[in-house]
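Asks: Here is how the chains run, residue by residue.
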Amino acid sequence: MTKKITVALAGNPNVGKTSVFNAITGSRQHVGNWPGVTVERKMGKRVYKNTEMEIVDLPGTYSLTTYSLDEIIARDFLIEEKPDIVVQVIDATNLERNLYLSTQLMELGVKLVIALNMKDLALAKGNRIDEEKIQEFLDVPVIPTIASKGTGIERLLDAVIEEASKARKNDDPLSYDEATEGMVHELEVILKSDQYFAHYPSRWFSIKLLEGDENIIKKAQESKKYTQIREILRKTDEDNFETKIADQRYSTIQAMLRQVCDINTSQLSGSDMVDRVVTNKLLGIPIFLALMWAAFELTFTFATPFMNMIDIFFGWLAGATAEVISTEWLASLVGDGIIAGIGSVLIFLPNILLLFFMLSLMEDSGYMARAAFIMDRVMGRIGLHGKSFIPLIMGFGCNVPAIMATRTIEDPRDRLITILVAPFISCGARLPVYVLLAGAFFGRDAGIVIFGLYALGILVAVLSAKLMRTTVLRGEDAPFIMELPDYRLPTLKGSFIHMWERAKIYLKKAGGIILIGVVGVWLLASIPAPGSGGVFGSEEIYGSTDSLVGVIGHLIEPLVAPLGFDWRIAVALVFGIVAKEIVVGSMGVLYGAGEDEQNLSNILAAGAMTPLAGLGLMVFTLLYVPCFACIGVIKRETGSWKWTLFQLVYGTGLAWVFAFTLYQIGSRIGFLT
Amino acid sequence: MPEKTLDLIEPETSVKILKLTGQRSLRKRILDMGLTPGTKVEVMRRAPLGDPVEFKIKGYNLSLRKKEAQTVLVETVE
Chain A
1 MTKKITVALA GNPNVGKTSV FNAITGSRQH VGNWPGVTVE RKMGKRVYKN TEMEIVDLPG
61 TYSLTTYSLD EIIARDFLIE EKPDIVVQVI DATNLERNLY LSTQLMELGV KLVIALNMKD
121 LALAKGNRID EEKIQEFLDV PVIPTIASKG TGIERLLDAV IEEASKARKN DDPLSYDEAT
181 EGMVHELEVI LKSDQYFAHY PSRWFSIKLL EGDENIIKKA QESKKYTQIR EILRKTDEDN
241 FETKIADQRY STIQAMLRQV CDINTSQLSG SDMVDRVVTN KLLGIPIFLA LMWAAFELTF
301 TFATPFMNMI DIFFGWLAGA TAEVISTEWL ASLVGDGIIA GIGSVLIFLP NILLLFFMLS
361 LMEDSGYMAR AAFIMDRVMG RIGLHGKSFI PLIMGFGCNV PAIMATRTIE DPRDRLITIL
421 VAPFISCGAR LPVYVLLAGA FFGRDAGIVI FGLYALGILV AVLSAKLMRT TVLRGEDAPF
481 IMELPDYRLP TLKGSFIHMW ERAKIYLKKA GGIILIGVVG VWLLASIPAP GSGGVFGSEE
541 IYGSTDSLVG VIGHLIEPLV APLGFDWRIA VALVFGIVAK EIVVGSMGVL YGAGEDEQNL
601 SNILAAGAMT PLAGLGLMVF TLLYVPCFAC IGVIKRETGS WKWTLFQLVY GTGLAWVFAF
661 TLYQIGSRIG FLT
Chain B
1 MPEKTLDLIE PETSVKILKL TGQRSLRKRI LDMGLTPGTK VEVMRRAPLG DPVEFKIKGY
61 NLSLRKKEAQ TVLVETVE
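Order-wise, the sequence lines are chains A and B.
Following the numbering used here, the numbering of the first sequence begins with 1 at its first residue and continues without gaps.
Following the numbering used here, the numbering of the second sequence begins with 1 at its first residue and continues without gaps.
Isolated chain A (complex conformation):
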């Protein structure tokens, strides 16, 4: 019979926790969110020696206080779900800070197994570590692993199974000074006398009370014993009690480390040498820009042929299927609706795969932290974190992977703002619209106009971030306390797993929304207006003045008339939500120019629109509702329809105001008319 156990994987960030997780679970992973928040929750299964292990990957944390969302999640899981075993992955090159978390896990009274990871790198650094002595001191199993190569994983699992069968230990190896221990004891007596606290390990709860942990104090306030508890806590008011406790934890660790290992601190590490160049005052920014350019080119240029292939394939498939189906409306539904819809989901895959491959290389190598370090000054100005820079830059290629890339931003508010402003960064799909309109109306000056639109996008994104930071998402800036981990060689396997995970999430979570959107627009374009006498799904009706979308176009014409647009532009903008480049194609059809863009350009230049309205249309295209794919990932990444709707309304409102102001003032003063 197989036994079932739950294993929680804890550890500091950048210690190889993901590698350990991958090495244990292989590809049997499931990525979701922690309940109620958009922090990622990774789970995996492994059957080993008749034991079925459910592995839960906790967010990487340095501590278990409640000052960050990640720590609250990790802590709540350990207290509420009570996993059978906690495996803490420790970076052998950085024992002192890693063991600080171990002391807190032990205080929590969990059954702990330590995976001493990257011992090879510690040795290379000149550090000697005696893991058996650590094991003796802490009284928990310590297993050396090199997770990136899979070394030590079976021994780790053996230790997990063995520990799981043992009874829970209650002694905490860490003791504090007499005064503190006295107070801990007094508090424990009170806590044990009230059933309300039975859920929590009493020693841990007492220490947290003394540390002034806001979350724990709030919980204590709800009990009848709070007056007694407050009496004791009053003694800690004067001095920085949490400093004292942290200090003692670290002192205990230091005392232990002096006996179990020999750490070489004299020389500069290899990472420090690299950083001398990479974050150098003069070279830092050029190197960063060069790497960004390379990542951008590789992601978007390299993806182009694959995207074209997908485009051609689905175009061909739509045509071929339509020919086979004799019923006209059904042929159109399958061809222009469903197949085109699936095509517009899949077309983003090459971008997503490549971008996340690049990002995982940057993240795993340690460069991502340096990029944030270099750009933080710029992003800090608008109230964001240095890590917001890369997603925004990637937005120039495509907003969809850019929004997905905000996963690297830890602070939830920073991340949300980055997601909300990312669609204003002018993506590649908007360029064809600019090229056509700017070409038709501005001839030789088209380049300047297009450049101006890109600049406007950046400006709107920056100002919107600043605005949101001071209004709807007000609050103090999250403190910038970031580790610059040692540089490491990323593993191909890790990068591939990461890339595939992102693609799966995109297909599952965003794919549906995109498909529904595309088919929805097909329906609007295919259903004839009542009384028009047109045939559902016929070519004559599709997107014409007699279709439902045509009716909608006429309906919203009064809304866009002050911007200088007529019903045809309104229809083209509705189609543009499918994908922004479609604005061009639909205008071609609506202005009777067919598929020939030069033809459309001539018609427009001959006076179908004023250059002023054309400029307004470009500005509107830049800012209004992003495409369905973008809406899909905004929903997936914010986990909220409310914020998704906020982005749509805010962006479209802004687009309207900009185009309105431009057209009204322009036509009064005779600018570009």
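Just so you know, these hints were derived from the structure itself, not from any lab.
Check each hint, because a few of them may be wrong.
[To be verified] As a list, the in silico DSBU-like pairs of lysine-lysine whose alpha-carbon atoms are at most 35 Å apart:
1) A:Lys218 <-> B:Lys67
2) A:Lys3 <-> A:Lys466
3) B:Lys19 <-> A:Lys466
4) A:Lys508 <-> A:Lys493
5) B:Lys16 <-> A:Lys133
6) A:Lys82 <-> A:Lys225
7) A:Lys219 <-> B:Lys19
8) B:Lys67 <-> A:Lys4
9) A:Lys45 <-> A:Lys166
10) A:Lys466 <-> A:Lys45
11) A:Lys244 <-> A:Lys218
12) B:Lys16 <-> A:Lys125
13) A:Lys466 <-> B:Lys56
[As the list claims (entries may be wrong)] Take a look, some chain B residues computed to stay more than 10 Å from chain A by CB distance:
14) Glu10
15) Thr13
16) Thr39
17) Gly59
18) Leu73
19) Glu75
Everything numeric in this text was worked out from a predicted model, so none of it was measured.
Glycine included, every Cβ here is placed at the ideal spot set by N, Cα and C.
Add chain B to chain A, keeping to what the hints say.
Replies: Coordinates of chain B only, in the frame set by chain A:
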């Protein structure tokens, strides 16, 4: 020994932490990263644009904005 705040220390200088003066949540987070009183901190470098600053502490590298570093009171050591 003159007392200074950590943001004012020039790169390639070593200092010892005396006290954390920030508000509780910030203080706690800085403590958790190992910046306890008495700990030696080496100022490595400033970012190319002047802020944040990189430090070496307990054998690893950490960066703080000047705003956070300002809440760390230190004394210079030889």
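Asks: Going through the numbered hints above, which ones does this structure break? Give me the numbers in ascending order.
Replies: Violated hints: 2, 8, 10, 16 and 17; rest satisfied.
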